[in-house]
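What follows is the residue order along each chain.
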Amino acid sequence: MNAPTGHPATTASPQAVDELEPVREMIRSCIQCGTCTGSCPNAFAMDLTPRQLWQHLLLGRREAVFHSRTFTLCSACYFCTLRCPRGLHLTEAMHTLKQAAARERLTRYRPVTAFFRHFMESVRRHGRVNELEFMTLYFAEMKNPLLPLRYSGLGMRLVARGKLPLRWPLHRKRPLEALFRKAAELEEGR
Amino acid sequence: MKYHYYPGCSLEGTALEYDRSTRAVLAALGVELAEIEDWTCCGASAAEATSGLLALVLPARNLALAERQDALMDVLVPCSACYLNLRTVLEKTRLDSALTARINAVLSEEQLHLLGRLQVRHLLDVLAVNLGPEAIGPKVVRPLTGLRIAPYYGCQCLRPYAGFDDPELPVSMEPLIRATGAEVFPWTMGGRCCGASHMSTQREVGLALVAGILEAACGADAIVTVCPMCQMNLEAFQGPAGRAVDKDLHISILYLPQLIGTAMGLAAEEVGLTCNLAVSGEWESRARAAVT
Chain A
9 MNAPTGHPAT TASPQAVDEL EPVREMIRSC IQCGTCTGSC PNAFAMDLTP RQLWQHLLLG
69 RREAVFHSRT FTLCSACYFC TLRCPRGLHL TEAMHTLKQA AARERLTRYR PVTAFFRHFM
129 ESVRRHGRVN ELEFMTLYFA EMKNPLLPLR YSGLGMRLVA RGKLPLRWPL HRKRPLEALF
189 RKAAELEEGR
Chain B
21 MKYHYYPGCS LEGTALEYDR STRAVLAALG VELAEIEDWT CCGASAAEAT SGLLALVLPA
81 RNLALAERQD ALMDVLVPCS ACYLNLRTVL EKTRLDSALT ARINAVLSEE QLHLLGRLQV
141 RHLLDVLAVN LGPEAIGPKV VRPLTGLRIA PYYGCQCLRP YAGFDDPELP VSMEPLIRAT
201 GAEVFPWTMG GRCCGASHMS TQREVGLALV AGILEAACGA DAIVTVCPMC QMNLEAFQGP
261 AGRAVDKDLH ISILYLPQLI GTAMGLAAEE VGLTCNLAVS GEWESRARAA VT
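If you read the protein sequences in the order shown, they are chains A and B. Heads up: the first sequence begins at 9 in the working numbering, then just goes up one per residue. Heads up: the second sequence begins at 21 in the working numbering, then just goes up one per residue.
Don't read these hints as lab results, they were simulated from the structure. Even for Gly, the Cβ is constructed at its ideal location relative to N, Cα and C. Some hints could be false.
To be verified - In silico SDA-like links for lysine to any residue, alpha-carbon gap of 20 Å or less:
hint, chain 1, residue 1, chain 2, residue 2
1, A, Lys190, B, Ser128
2, A, Lys171, B, Glu290
3, A, Lys190, B, Thr120
4, A, Lys181, B, Trp59
5, A, Lys181, B, Glu57
6, A, Lys190, B, Leu119
7, B, Lys112, A, Met34
8, B, Lys112, A, Pro30
Stated by the list, open to error - Under 10 Å between C-beta atoms, here's a sample of chain A residues computed to sit facing chain B:
hint, residue
9, Arg77
10, Phe87
11, Thr99
12, Arg125
13, Met143
14, Ala191
What the hints assert, rightly or not - Non-contacting residues of chain B with respect to chain A, defined by C-beta distances greater than 10 Å in every case (computed):
hint, residue
15, Met93
16, Asp266
17, Ser300
For reference, chain B alone in the conformation it holds in the complex (with noise of 0.2 Å):
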């Protein structure tokens, strides 16, 4: 099994810790990864804010490099914002032709040309349909019983595209958690938003949603995500969130390869549980516990 490896910018910095993880765990369940050469920033949320070419031609640019390196191997990508926005290209140019054109016109500045023949893959649909229980099960060697992990989707691996989740109410980690001999905490947050960018443009905003998500968790032993931004949003504002609305809400914030890679036996530093900005020291100790 091999992909080209799209990490985007924010696995480059505040989310190393995803890419790390990611790697390690996929490395350690035989799957290959090839980052593009010379890959550029999707456009997060912000470039479909201010001019929507640039939008479509910026991820498109990482598609016309992945296929100029390889045309018929698919993309992983763990942000679920740079995967959104590379499965846009794929789904707005497959029946537009003169939007194919209009890309290419800009791309051709860079000798570059769309085939959107390959197809985007989102981390846990990887982990979720290619790979599953199955494969990860007979590797765990550290079972993390009695723990209940929420797992939090966020939206945009789920919406608008549905593909190899409910878009609703997702169950794809569920499985994934049961193989690490973790509980799953019943809970049906786990679709909703994070309020993404709100949190640096309208702090107030971001806050009650996150303060919604991280009150439904009580009770929980960690929140795992698959997205950068969720990520930091339920990780770094714990404090402010809780004053909102008069709670402790401090809980552990875990990426899903974190907890994979954890119950795999892996180091605490190999999946770079020593980076994130909230986990507790059970989560430490667990990762620096003898395998079985």
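For reference, chain A alone in the conformation it holds in the complex (with noise of 0.2 Å):
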């Protein structure tokens, strides 16, 4: 693997280099041409742009890579995709670091993590999702009294034209568990 350079956050175990390595692979040829950063249009939200965030994690910076929000700001429009001259998958690379941070349960992502993780889980119980269910785990985790107050009005006009129904889902079928247990051991094992 690639020698850790002066940068000062290079100091990372050898367990979480192997955490990288498979986005590392995916992103190995890109020539720094900065096509990705061009495209994006939520670079300037960004405090890494697209192509600073490939060269950090190609000199094995974790750190770096992993104190910054650029691949949360990802919002899976392909356009650097569509675009690179290399023909890198860079969307997908940019959710395997959220599939990494959400694993890592690192607490600086949690807003987001937290958001498609409850998500998954009322997928697991139902199958489908349930939104009420779901906004609701979520807010409880993030435990902020005035979060839910920015959806309020929105979900009272749902609930007014019958799209948000106010029932909590009470059946037991859980359709999809042995497809979650299944996936989730194959992917430990791999």
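Put the complex together from the two separate chains, hints included.
Written out as structure tokens, the structure is:
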């Protein structure tokens, strides 16, 4: 693997290096042209541009990668993937970083990873997502009393139009349980 | 013309008018839909952010169910995120037998097996390519004359898999809009990103993207969409997006089949116009106008 450079944030444990290896493999032939950055609708809000993120990854700077909000700001528009002159699957690389952050339960990403985790929990329980349940669980984890207020206006409008049934799902059928369990088993054993 | 139909979770809840109008318009155009029995969530944008394997297994389950019900019929999907998730499974497994085996190892828990031989088609693809203005035009009994419509495609029906349209400057909706008697509002924002789930997880960034799109549509009578996520972002946050740029950004936002259905003489309820969060009274009165 790439030897650590002079960057201060290169003291990664061997296990942590493995964590990023699949992503590094995906972007190994990056030529740092910056087409991804120029194509990204969210680059304006990122602390590292996508090109800079790839550079840190290639240089093995794990802490630089996991101090950045950049990959959480990928909205999967696929412009970078479409335009990358090396044909790299950059959106997928961003997803893989999101997965790593979710697996490690890194606290700085909790507002984003908790949202997706509760969404998946609702899918696991019911097969289809139950918006009321998953947002309630998400609010409970975020412990921010102001957060639900942001949604209350929208919630009322949706209820008024019959689009948000105010029913807590009670049935005990868990149609996807076996698939979730098996997928986790295979992924942990890879 | 008959397709498997995969509505996806949104179309049962926040996007129920997309489901209603899709079914009504396709029925009126003679297209038969067979809803996949026992379908489940495709993973949305949450599976890919938590597990790479589940992100493929969840959509693959639905494709395997469809194949078991009829292996030769294609799948029609109105939601762009569902469409991309289902299509990604086909694209990735086509040349990767190891991956196919891995997915099938999980699906075997439910005695399901993915062959991957059917096609996944977006609603817009079928409307533009298989039906087109030649099918819609003759059915228009309530022409939307004088209205300027901004076509909004969003991302995931266009990219990364370029199929039925140009992934940078899409045009496939334009002949359909003209077929309704309306005009196409000229703009270049059709393929831009609405911010997707940023509106929930990083509100300021989502608002900036939505404000840019709504600002560019000033002067149009409506924006039409083909994705529940785009629709929600564009219709539900017009107030805060406007305050962020100090402008009035209110505009009607409709699903494409609602526009087409209205022109074809379907009633407001049949295309679910009463469920939208942002439609001006103009639309409702158009939809209630006598057919000619």
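Hint by hint, here is what the structure shows:
| no. | hint | in the structure |
| --- | --- | --- |
| 1 | Lys190(A) <-> Ser128(B) | 10 Å, holds |
| 2 | Lys171(A) <-> Glu290(B) | 16 Å, holds |
| 3 | Lys190(A) <-> Thr120(B) | 15 Å, holds |
| 4 | Lys181(A) <-> Trp59(B) | 14 Å, holds |
| 5 | Lys181(A) <-> Glu57(B) | 16 Å, holds |
| 6 | Lys190(A) <-> Leu119(B) | 15 Å, holds |
| 7 | Lys112(B) <-> Met34(A) | 15 Å, holds |
| 8 | Lys112(B) <-> Pro30(A) | 17 Å, holds |
| 9 | Arg77 | 8 Å, holds |
| 10 | Phe87 | 7 Å, holds |
| 11 | Thr99 | 7 Å, holds |
| 12 | Arg125 | 6 Å, holds |
| 13 | Met143 | 9 Å, holds |
| 14 | Ala191 | 5 Å, holds |
| 15 | Met93 | 22 Å, holds |
| 16 | Asp266 | 18 Å, holds |
| 17 | Ser300 | 16 Å, holds |
Going through the hint list in order, the structure satisfies each hint without exception.
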